[in-house]
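In the order they appear, the protein sequences are chains A and B.
If you read the first sequence in this note's numbering, its first letter stands for residue 1, the second for the next number, and so on.
If you read the second sequence in this note's numbering, its first letter stands for residue 1, the second for the next number, and so on.
The set of hints was computed from the structure by calculation and includes no laboratory data.
Note that beta-carbon positions come from the ideal geometry of N, C-alpha and C, so glycine has one too.
Check the hints yourself; a few may be wrong.
Computed footprint of chain B on chain A; a stretch qualifies when at least three of its residues, placed anywhere within it, have a C-beta under 8 Å from a C-beta of chain B [claimed, not checked]:
| no. | region |
| --- | --- |
| 1 | 114–124 |
| 2 | 156–169 |
| 3 | 337–347 |
| 4 | 356–363 |
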Amino acid sequence: MQVAMDKLFGGREGLVGLVILAAVIFIIMPLTFDIFRLNLVGKYLTYAFVAIGLVLCWGYGGILSLGQGIFFGLGGYCMAMFLKLEASDPESTKIQSTPGIPDFMDWNQLTSLPWFWEPFHSLSFSLVAVIAIPCIFAFIISVAMFKRRVGGVYFAIITQAIALILTILIVGQQGYTGGINGMTDLRTLKGWDIRTDEAKYILYFFNGALLIGCILIGRLIITSKLGRLLLAMRDREDRVRFSGYDVSSFKVFVFCVGAMMSAIGGAMFTLQVGFMSPSFVGIVPSIEMVIFAAVGGRMSLIGAVYGALIVNFAKTFFSESFPALWLFLMGGLFIAVVMLFPNGLAGIYTSYIRPRIEAWRQSKRGGGGLPPTVPAEPQAPVPPKPVERAPASAVPRSLAAGIQSEPSRS
Amino acid sequence: MDGYSASELLNIFAMQAFAGVSLFSVFVLMALGLAIIFGQMGVINMAHGEFLTIGAYSTVMMSILAEKYMPEFLPYYFIFAVIAAFIVAFTIGYLVEFLMIRHLYRRPLDTLLATWGLSLIMQQIFRSSFGAREVSATLPDWLMGSWQPVEGVDIPLNGLFVLGLTLLLSLAVFIFLFKSRWGLKVRATTQNRLMAGAVGISTPMVDRLTFAIGCGIAGVAGAAFTTIASTGPTSGSLYIVDTFLVVVFGGAGSLLGTFASAFTIAQAQSVMEFFMSGSMAKVLTLLTVIIILMIRPEGLFSVKVRK
Numbered sequence: 001m002q003v004a005m006d007k008l009f010g011g012r013e014g015l016v017g018l019v020i021l022a023a024v025i026f027i028i029m030p031l032t033f034d035i036f037r038l039n040l041v042g043k044y045l046t047y048a049f050v051a052i053g054l055v056l057c058w059g060y061g062g063i064l065s066l067g068q069g070i071f072f073g074l075g076g077y078c079m080a081m082f083l084k085l086e087a088s089d090p091e092s093t094k095i096q097s098t099p100g101i102p103d104f105m106d107w108n109q110l111t112s113l114p115w116f117w118e119p120f121h122s123l124s125f126s127l128v129a130v131i132a133i134p135c136i137f138a139f140i141i142s143v144a145m146f147k148r149r150v151g152g153v154y155f156a157i158i159t160q161a162i163a164l165i166l167t168i169l170i171v172g173q174q175g176y177t178g179g180i181n182g183m184t185d186l187r188t189l190k191g192w193d194i195r196t197d198e199a200k201y202i203l204y205f206f207n208g209a210l211l212i213g214c215i216l217i218g219r220l221i222i223t224s225k226l227g228r229l230l231l232a233m234r235d236r237e238d239r240v241r242f243s244g245y246d247v248s249s250f251k252v253f254v255f256c257v258g259a260m261m262s263a264i265g266g267a268m269f270t271l272q273v274g275f276m277s278p279s280f281v282g283i284v285p286s287i288e289m290v291i292f293a294a295v296g297g298r299m300s301l302i303g304a305v306y307g308a309l310i311v312n313f314a315k316t317f318f319s320e321s322f323p324a325l326w327l328f329l330m331g332g333l334f335i336a337v338v339m340l341f342p343n344g345l346a347g348i349y350t351s352y353i354r355p356r357i358e359a360w361r362q363s364k365r366g367g368g369g370l371p372p373t374v375p376a377e378p379q380a381p382v383p384p385k386p387v388e389r390a391p392a393s394a395v396p397r398s399l400a401a402g403i404q405s406e407p408s409r410s
Numbered sequence: 001m002d003g004y005s006a007s008e009l010l011n012i013f014a015m016q017a018f019a020g021v022s023l024f025s026v027f028v029l030m031a032l033g034l035a036i037i038f039g040q041m042g043v044i045n046m047a048h049g050e051f052l053t054i055g056a057y058s059t060v061m062m063s064i065l066a067e068k069y070m071p072e073f074l075p076y077y078f079i080f081a082v083i084a085a086f087i088v089a090f091t092i093g094y095l096v097e098f099l100m101i102r103h104l105y106r107r108p109l110d111t112l113l114a115t116w117g118l119s120l121i122m123q124q125i126f127r128s129s130f131g132a133r134e135v136s137a138t139l140p141d142w143l144m145g146s147w148q149p150v151e152g153v154d155i156p157l158n159g160l161f162v163l164g165l166t167l168l169l170s171l172a173v174f175i176f177l178f179k180s181r182w183g184l185k186v187r188a189t190t191q192n193r194l195m196a197g198a199v200g201i202s203t204p205m206v207d208r209l210t211f212a213i214g215c216g217i218a219g220v221a222g223a224a225f226t227t228i229a230s231t232g233p234t235s236g237s238l239y240i241v242d243t244f245l246v247v248v249f250g251g252a253g254s255l256l257g258t259f260a261s262a263f264t265i266a267q268a269q270s271v272m273e274f275f276m277s278g279s280m281a282k283v284l285t286l287l288t289v290i291i292i293l294m295i296r297p298e299g300l301f302s303v304k305v306r307k
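Looking at chain B on its own, in the form it has when it is part of the complex (with noise of 0.2 Å):
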C-alpha cells in the first residue's frame, strides 16, 4: 500500500466497493429469475443464462432498429427494449414449460440435462442468426459518462443505471411473490401441490405462468447487461454455475437469501481481486462458499422443512 496518500486510498477503496456493487447486482440480476425458478419451483434450467442472452439480443435488435429507422427515438428506445425482452423471453419461457419442462417436473436431474440440451440449441440458434461475433447495443447518452461525488472517484452511469434497475426489479419481484394474489399461488402450488389443486388452484397454469416469469426476468438481467458488456451466443452461459451457487449458498427458497449470497459471494470476490489475480480471487471465492455449503447444505437462508 506504499506509494498511495490516504484520500488516493479512499478513492480506490470507494471505487473498489462500488465494483463489489455493480457485481452484487449482476449477481441479483442473474439469479433473480432463477431463484423462482429453482429455488421456488425446483427446475434446473441450465439454460438460464440463455434467456439472459435473449433479452440482451432483443435488445440490442431494438437499438439497430431504433437507429435506422427512427433515430430521435434512440434516446428513449431503451425503456421499451427492456420491455421486449421481458415479453421476448417470457413467451420462450412459455412455451418451453409448455414443451419440455411439463413432462419433467418429477425428475429434477432429468431437467438439468434436458435444458443443457435446450441452452446448446439456443446457442446454436443464436449463432446461426445473429453471427458468432459478439455485439453490442447503442447505449443512448444519458448512460454514458460517470459520475464523480469528489474529485478522484469515477462512478460509471451505466453501472449506477444497473443498480437501479436491480433494486427495481427486486421490489417488482418481491411484490410479485409476497403480495400479490398471484405470488399467494405460486407459494401455495410450489410448497403442497396436492392441497392447492384441491382448493381449486390451477396448478399447470401456475406453474407455466411463473416458470415464464422466471424466463422473463431472466430477459430483463439481459436487457440490463447490454449496457455493460457485449452480447455474443455464449455469453449467457459463462455465469451459469456462479448463478446457481449464488441461489444455492442463500439457500433455495428464500429470495433473502438470494439477496444476502449475492452480496457477500460479489465482496468477497471484489475485496480478493484487489489484492491478486482475478482468477485466484474466483477460485478462492468459489471455494469458500462450497466449503460453507458443505458445512451448511441448506445454504445462509434455509426454509426450514421436513425432509
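Just chain A, same shape as in the assembly (with noise of 0.2 Å):
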C-alpha cells in the first residue's frame, strides 16, 4: 500500500507539489478571483491538459508533438456537436428554413443533418466519442509513423502538417464544421444552462478534479516499468530495442495518452468556455501549448500546469496592457527557456530552491528534534540526504544526454 501511494504521488515531494496544486486550485483561486476571471483561469487549466500530455510525450518519451492542437480540437468538436445540437432544437431554430439543424449548415445551404452528425445527438455517445476518435486518430498516425521508425524532427515536422490539413478542412467545410467562426452559442448540456455563473463555478472544479486525476495517471505511467522504458528509449532508442523491446508500440501508447488527454482539456474547454473554433487546432497554438509544457518543465507533470497557468496569465495582462510586447516576450520567453532552462520552472525549482529547503530543514534538524512526520520505514527522511539529491542534480544531465541522442541525420 505505501509503495503504491509512493508511486502515484510520487513520494512526499510529489505529494507536498500535488497537494499545493490542489490548493492553489481548488482554493486560492476561486477565493481571489471572481467569475469571470476564475472562468479564465478554468480555460487556461484546459490547455494544462494539454501540457501533461507533452510532458509524457516529450518529456519522457523524446516524442515532440507539434500537432497537439489537433487532438485538443478535436475532444472539443465532438463535446461542441453535442452541444450546438441540443441547442438547435426544432423550436428555437424554427427561423431557418430547415430548422432543427445547426444555424451554420442552414446559412451554408444545407437542407438535412450529415450522417456523421447524427450520432451526437446522444450524450453517452459524445463522451466516448471525446475519447475515442483522437485517440484512434493518434493510433493511426504513430503507428504509422513509429512502426517505420519517423522519429524526432520529422515526427514534429508531419504532425504540424497534419494540424495545418486539419485546419484548411475545418475552415474550408463551412457547412460541416461552422468554418472559422467554429460552433458558437452552445447553451445547454442535457438541459442544464452552462451559462449561468453557477454552472461555471461546477464546471471549475470539475475541470480540477479532472486535471488532478490526469495528473496522477501520468504519474502512475512515470513511476512505472513503462516510464523506465520510455526515458531509455529516449536517451537510447536502440539499445531499448536491442533488448528485445517492441519501441514502437510504447511510443503508440504514450502518444495514445496524450491525444487522450489534450482531448478531454478540449472538452472541458468548450464547456467552460462555450464555443470552439479552429484557431485552437493549427500550428500556433500546438507550438504555444508545447511552450506551456517547456515553461514549467517537460519533465514535470505539475510544473506544466503553473506554465500553462503562468504563460496564460502572462498573455492575457500583456495582450490587454502592451499588446506589442507581448509578441517580444513570448518569443523571449521560448529562447529563454530553450536556451538558459531547458527543464523550465521545475528546473530552476530542483536545481535552485530544494538545495536551499533541504539545507534550511538539515540545519533545523541539526538543532535538534526529529522532523514532525517520520514513518517508522527505515528509508525514510534522515539517511537519504546525500542520495536524494543525487538524482536532483542528474536529472538535467540525463536529460542533456537524452536530447544529444536524438537522431541526427549526418
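Using the hints, put the two chains back together into the complex; each one sits in its own frame.
This is the structure in C-alpha cells:
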C-alpha cells in the first residue's frame, strides 16, 4: 500500500507538490477571483491537460508533437457538436429555412443533418467520442509513423502538417463544421444551462478534479516500468530495441495517452468557454501548447500546469495592456527557456530552490528534534540526504544526454 | 469540360501548367535556403519564413528609396535590391547563428522552439517598424504585363522573371555546394564533423557561413516574391510548413530531391485546383505527401546513411 501510494504521489515531495497545486486550484483561485476571471483560469487549465500530455510524450518519450492542437480540437469539436445539436432544437431554430439543424448549416444551404452528425444527438456517444475519436486518430498517426521508425524532427514536422490540414479542412468545410467561426452559441448540456455563474463554478471544479486525475495517471505511467522504458528509449532507443522491447508500441501508447488528455482538455474548454473554433487546432496554438510544457518544465507534470497558468496569465495581461510587447515577450520566453532553462520552472526548482530547502531543513534538524512526520520505514527522511540529492542533480544531465542522442541525420 | 472548344482547352491547359511552374519556382525559392540549413546542417529553422520577409522588406525599402530620390534609377533598382536583400538576410543570419543556433546544434528539437520564438520576435519587429498593413514594391515597367506566345495564352512576365531567377539561383547553389571549395568544406563538415575538423577545416566558421548563406538565399527569394505578391509581417510564416514538407518529401540532404518534390507538389496542387476548390486541393496534396512520407520516411531521394 505504502509503495503504491509512493508511486502514485511521487514520494513526499510529489505529494506536497500535488497538495499545493490542489490548494491553488480549489481554494486560492476561487477565493481570489470573481467568476469571470475564474472562468478564464478554467480555460487556462484546459490547456494544462495538453501540457501534461506533452510532458509524457516529449519530456519522457522524446516524441515532440507539434500537433497537439489536433487532439484538443477534436475533443472540443466532439463536445461542441453535441451541445450545438442540443442548442438547435426545432423550437429555437424555427426561423431557419430548415428548422432543427445548426444555424451555420442553414446559412450554408444544407437542408438536412449530415450523417456523421446524427450520433451526436446522444450524450453518452458524444462523451465516448471525445476520448475515442482523438485516440483512434492518434493511434493511426503514431502506428504509421513509429512502425516505420519515423521520429524526432520528422515526426514534429509531419504532425505540424496534419494540424495544418485539419485547420484547412475545418475552415473549408463550412457547412459541416461552422468554418472559421467555429461552433458558437452553445447553451445547455442536457437542459442544464452552462452559461450561468453556478454552472461555471461547477464546471471549474470538475475541470480541476479531472486535471488532478490526469496528473495521477501521468504519475502512474512515469513511475511504472513503462516510464523507465520511455526514458531509456528517449536516451538510447537502439539499446532498448536490442534488448527485445517493441519500441514503437510504447511510443504509440504514450502518444495516445497524450492525445486523450488533450482531448479531455478540449472538451472541457468547449464546456467552459461555450464555443470551439479552428483557432485552437492549428500550428500556432499547438506550438504555444508546447511552450506551456517547456516553461513549466518538460519533465514535470505539475510544472506543466503552472506553465500553462503562468504563460496564459502573462499573455492575457500583456495583450490587454501592451499588445505590441506580447509577441516580443513570448518569443523571448521561447528562446530563454530553450537556451537558459531547458527544464523550465521545475528545473529552476530542482537546481536552485530544493537545495536551499534541504539545507534549511537540515539545519533545523541539526538543532535537535525529529522532523514532524517520520514514517516507521527505515528508508524515510534521515539517511537519504546525499542519495536524494544525487538524482536531483542527475536529472538535467540525463536530459542533456537525451537531447544529444536525438537521431541526427548526419 | 463542355462549352470549351479544343483550342480553348489547350490554352487553359497551357496557362494552368504555367501556374504550376510558377508555384514550383515559389516552392524552390522557399526551399533552397532551407535545404541547406535543414537538409545539410540539420537545423530546424522555423524563422526561415521571416528571413524571406526580411528580403522582401529590403526590396520594398529599395523601391521606395529609388522612387523618392532617383526616379530615373527606377527601371534598374531591382537588380540591386536583390543583392541588398541577400546582404541584409545574410548579415542577420550570421548574427543569429552566432547568438543562438551554435549553442543548439546538438538539440535539433530545441532549435525548433528557439527559432519559433525568434520568428515571433521578428514578426513583431516588422509590425512595429513597417506597420501591420501589407506593402508592395513598385515594379519596374519591364516586369509588368504579359507575354502572348499564341492567341489566348497570357503568361505573366513577373512569373517568367521569378522562374528565371529561380533557375539562376538554383544553378548558383549547385555550383556553390558541389563545385566550389567552400561547398566541399560544407559537405565535409555536415557529413563528419570530427573528421572535417581533424583535417583542418574550421567547422564553426563553416557552420556560421553556411547558415548565413542559407538565410541570404531566403532573402533573395523574398526579393523575388515582391514581384508576385505584397509583403506583410506574417507573409513568410504562411509558407513555412509547406517549405519543410518540400524539403522532407524530397529527402533531406538531397538538393535534387528538393527540386523533384517541389515540382511534384506544385503540379499536383495546380492540377487539382482546376477540379476542386483551392483549399481542398491543398488538403489533398498535403495528405498525399504525408502518406507517401509514411511509406517512404526518407523522402523521394534519400542519401543512404547508416543510422
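Check: Would you say the region 156–169 of chain A counts as covered by chain B, given the rule of at least 3 residues with C-beta under 8 Å?
Finding: holds (count 10)
Checklist line | Given coverage of the region 356–363 of chain A by chain B, tested with a Cβ cutoff of 8 Å and a minimum of 3 residues | finding: Coverage by chain B is violated for the region 356–363 of chain A (0 residues, Cβ < 8 Å).
Next item on the list: Can you take a look at whether the region 114–124 of chain A is actually covered by chain B? Rule is 3+ residues, C-beta closer than 8 Å.
Entry: violated (count 0)
Check: Holds or violated: the region 337–347 of chain A covered by chain B, criterion of 3 or more residues with Cβ-Cβ distance under 8 Å?
Finding: holds (count 4)
In this structure, the earlier hints numbered 1, 4 are contradicted, and the remaining ones agree with it.
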